[in-house]
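Peer 1: As a plain string of letters, each chain reads:
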Amino acid sequence: MSASTTAPRREHLPALPGDDVRQVLWRFADRYDLQMLVQSVRAVARGPVARLVAQGGRHTHDWTPEKHALLKEFDAAGITAAYLEPEEGGFLEGPKNLALALIAFELAWVDAGAATCSLATHLGLAPIHERGTPEQRRHYMSLAAPAPGREPKRAAFALTEPIPYVGVETGLLGGKVRIAEWPEGGEPILEVSKRGRFITNMAFANFVTAAVDSADPRIKGSCMVILEEDDPGIFDRGTPTRKLVHQLSATNDPVFQLRVPASRIVGGYTVQDGVIVPNYDHSAIIEAVFRRTRVTVGLMTSAKLLSAIEPLIRYHRDRFRGAEAVPPGSPRYELGLQQKEDVTHRLIDIWAAGEASASLGFAAARLFDELDPVEREKDRMLAEQGVRGPLAAHKAMRKRQHEAIEFIEMQGHNQALRNEERYQQLAADPVIRYLVLDAQANVLCPATKLWNTGHGSVMMREAVSLMGGYGITEDCPGFLGYKWMDSQLEATYEGPEAVQRRQLSVTMTNEVFLAQFRNWIHEMRQIASVEPGTGACTLASAMHLWLWTLEHLQHARDAQGQKLYQTSRHGVTFPMADALCWLLASRCQILDVENLRREGPGRIQQGFEGTVQFLTDLCHVQAARAAGEVARICSEIVYGYLRHPSWDDSPQCSTCFEEVELRQIESVVPGASGFTSEVYREDGAHDTKAGPCVRAPGLNDFARLRAKLDGCLAGALLAKDRAAESVQKVMIPAALDYPQ
Amino acid sequence: MNYQIIVCGGLAPDPLQTLEPVFDTVNPSLRNELMLPFVFDPWAAHALYEAGHLAKQRPGTTVRVVSLAPKAKLQQVMMTVAQKLPFELVALDGPGGGFTDARAVAAALAEAIASMPDLDRARLLLFGGWESATRGAGAVMQRVAERLGIREQFLAVDELSVAEDGSLLIKERIEGGRHQISRCAGPPAMLAWATGSLPEPPNHPQTGMANMRVILPALQKAKTVTLAQTAEYLRAALPAAVRQTRVVKDVPAAEIARELAEWIRQ
Ligand SMILES: Cc1cc2nc3c(=O)[nH]c(=O)nc-3n(C[C@H](O)[C@H](O)[C@H](O)COP(=O)(O)OP(=O)(O)OC[C@H]3O[C@@H](n4cnc5c(N)ncnc54)[C@H](O)[C@@H]3O)c2cc1C
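Chains as they are written, first to last, in the working numbering: chain A, 3 to 742; chain B, 113 to 378.
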């Protein structure tokens, strides 16, 4: 019987999880560089950023001197340089995805606009960082480094264009590039014209990486170019966007009409038969950029959910203090609104969602840290093998896919039973490692962006509502109203939800991913066998149901005989993508808590048991919620495209019993009527309903899995009750550590 | 002349936390004390910033922090403090907080300092806070100095300057909102700082990371210290006054004074 159902007396959460707990959960307990960065960013967030918000700095979309002053704070605190390599003026060694994720998290804890402002500089640099030539990287990355006595040069990223051009559809480029001059034997000079829409940092950016399409037969395809503010021509920053959110970032609709040397094409170019062929088209660059930066956006919303907990608890507890009829010491005085179960339960929902989304986001960020060097190693190997160009690389990788699957399957086997030599050989191969990690990253990144922001904004609304009227005022402690509004932008920019769902609907069917997913089901069952209170079993059952459904959908057809799983069928593919996100988030949350259970005792000095037990209960609550969502979505899709049988369908109705007949049978075999199908009355009429109940013999397996899953929910609400009790007892600070 | 500055500083719970004494006659503590976020004791922090300032002006000056605190907490706090200025750490792993005995703490600190192999009394400036934010006894630094045989002791220091002849000009707070200026021929001397006049240096992760190269090994080899508890506690309670906390940063003193006066008048 599960620990959740036997409910032995457990310890409560004594105080809110502190840095020591977070460092273990999110796996940077040994990264002192990151721990310092966190402290440094936090001081900026809860200091100058919070003060500016409290003083009403968000009340205008104009870029004010006060907002501009934050840039200097970012520079001083190491935020600006965090993206750079040490030789470029940075200070962090190695991949920086987790570092940027932590920066976004800390800033968005107070204000996501500030986070956007800091990260947009990195976004503007990202095309150069990911795909720039060595010279471009050296030059622009060093310019972006703060140095004594010199303001760093700041970047913006210009992809989106005025309607009818680039938005979700990034291929519809209106921005153009032509050859203005091509001196004999010299470097071509390009004429770039681009209008941007909603371009962050544009009020002050010194250079811009812009996506443009060729309008010249002597340039092939599209590319990204670097535009500098003092290039000859027009560098018009444009009007500020009249946005309602993220007001501590600058957003404008700029206009560029500039002449630049061809060496500004990001990633360089070759000349083939008198035609400039950029080494990377704009899509390839954007893909490389967004797959990293979207994770940080997802974490902004996670930070807000977790930041809402303390102000909500304080508000609820203090709600009636001071009233004459509420003497100190009375339950109403001590607990205030926390006496009401709904209040504590909803808070637990917010908290659990916040934990799950943070776990998912940080897992994705860490994954990219792992992937970055492997990707470089893979590129090096392919180059050695003479594989050139993205297409050839793609082909070469596809050929090795079956080996990656073999490796993953071996991972799932008992070590004693597998061919260890072969396993080690595959494990050491960078191409195999790349295929495995890449398949995961292609799912985890859009999942983070989609679920953290989408579901996060729903939960942020919940947080606002728990604060009553204050929730939607400027005086709301923790700026919850602003955070709610802001989360909608996080769901939109860098690719709205539709883009993420579209990507997931492709990447989640990659066999290399699915092979890992199968192992993860097993992994959850193993955790469940030791720690049933985590809800890992519930989650495993939900994962199983999802996988069954996905496989079923690959060959299932609707009532009209149309294939169900196809790109354009968003009604099928998109909800399946949503369902997967719930599972992934819950899995990451459980893995983090298991890590805490393992690693925590030596590191957490006090309150370890209560903290782990509380976080375990949150896992269970979230796993049950995820299972419910998955069950709903899968059932809807599996059954929803079947035609409902009707009384007019002769084959069905021919199996109906007449009521009188049934009564006679029942008199001989009591209870037999329970096993019969539909009934019609003496007058020939049926029950008042749509038709005979649906019976789909081919879906028995689904029905069995679904029924099993429902049973797996046992204990989930006991976990919620326990967690809610902890929320009543947990000690919180006397005041919020940033102004309101 | 350059100096060997040793700053004694402990930890204090973040002042915004709920501080609830848990009474026990021998070992009183705060509720969930070790779960609370801690800061470097604010008085000692002033001393540290002054030390950093002096070190910058006097090349060759070294700053070393001696801290007695629970090691894991100290490590967390170093993630911030180490970003402020370059220093080395001598860590003593032991109990911190307001209920430890000033005498025992001073003995542990003095012993750690005395056993530093390169201790150079001729250059030694012993810094600390004039009291701690936890115990508030205002007795530790004098005791450390006495144990180390440092007779030149200055309390509630707000300013230190070095005259051309190498003598130290020291401004101490005295009653009535006034200062007393003393001239001290030179080290060794003990200065227990009040607030000084320097702002908190901004965080600088690069400095922090350079510091961590020596701080981490120091934390790893921190000596465990047990303090003899001589005091017996009869009562431990929060001040009876209602605590009204409002977080403000960088509000001018005049503005704060005006608000306080208004509050008192009410
Ligand atoms: C404050 C702010 C800052 C921004 N900063 C930048 C920046 O720095 N640089 C930059 O380049 N851009 C930036 N953007 C632009 C942002 O990335 C785009 O707004 C976003 O990608 C959506 O494009 P769109 O507004 O044209 O929406 P549309 O393309 O018009 O899409 C609208 C909606 O239609 C649906 N939809 C559209 N296409 C599809 C499809 N194929 N399948 C399914 N559904 C679909 C979706 O629901 C979508 O949300 C910013 C935007 C804002 C508001």
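Hints in this document: simulated from the structure, not taken from any laboratory.
Remember, it's a predicted structure, so these values are computed and weren't measured experimentally.
Don't be surprised by glycine CBs; every beta carbon is placed ideally from N, CA and C.
A portion of the hints provided could be inaccurate.
Here are the in silico distance ranges between beta carbons for each label pair [unchecked claim]:
hint: 1; chain 1: B; residue 1: Val326; chain 2: A; residue 2: Glu13; range: 37 to 43 Å
hint: 2; chain 1: B; residue 1: Ile376; chain 2: A; residue 2: Glu13; range: 39 to 45 Å
hint: 3; chain 1: B; residue 1: Gln356; chain 2: A; residue 2: Thr135; range: 57 to 63 Å
hint: 4; chain 1: A; residue 1: Gly223; chain 2: B; residue 2: Val326; range: 25 to 31 Å
hint: 5; chain 1: B; residue 1: Val326; chain 2: A; residue 2: Glu343; range: 50 to 56 Å
Peer 1: CB of Gly223/A to CB of Val326/B, is that within 25 to 31 Å?
Peer 2: violated (54 Å)
Peer 1: Taking the beta carbons of Gln356/B and Thr135/A, is their distance inside 57 to 63 Å?
Peer 2: holds (60 Å)
Peer 1: Is it true that Val326/B and Glu13/A lie within 37 to 43 Å of each other by Cβ?
Peer 2: For Val326/B and Glu13/A the Cβ distance comes to about 38 Å; the hint holds.
Peer 1: Mind checking the hinted window 50 to 56 Å against the Cβ distance between Val326/B and Glu343/A?
Peer 2: holds (53 Å)
Peer 1: Could one say that the CB atoms of Ile376/B and Glu13/A fall in the range 39 to 45 Å?
Peer 2: holds (44 Å)
Violation of the numbered hints given earlier is confined to hint 4; every other hint is satisfied by the structure.
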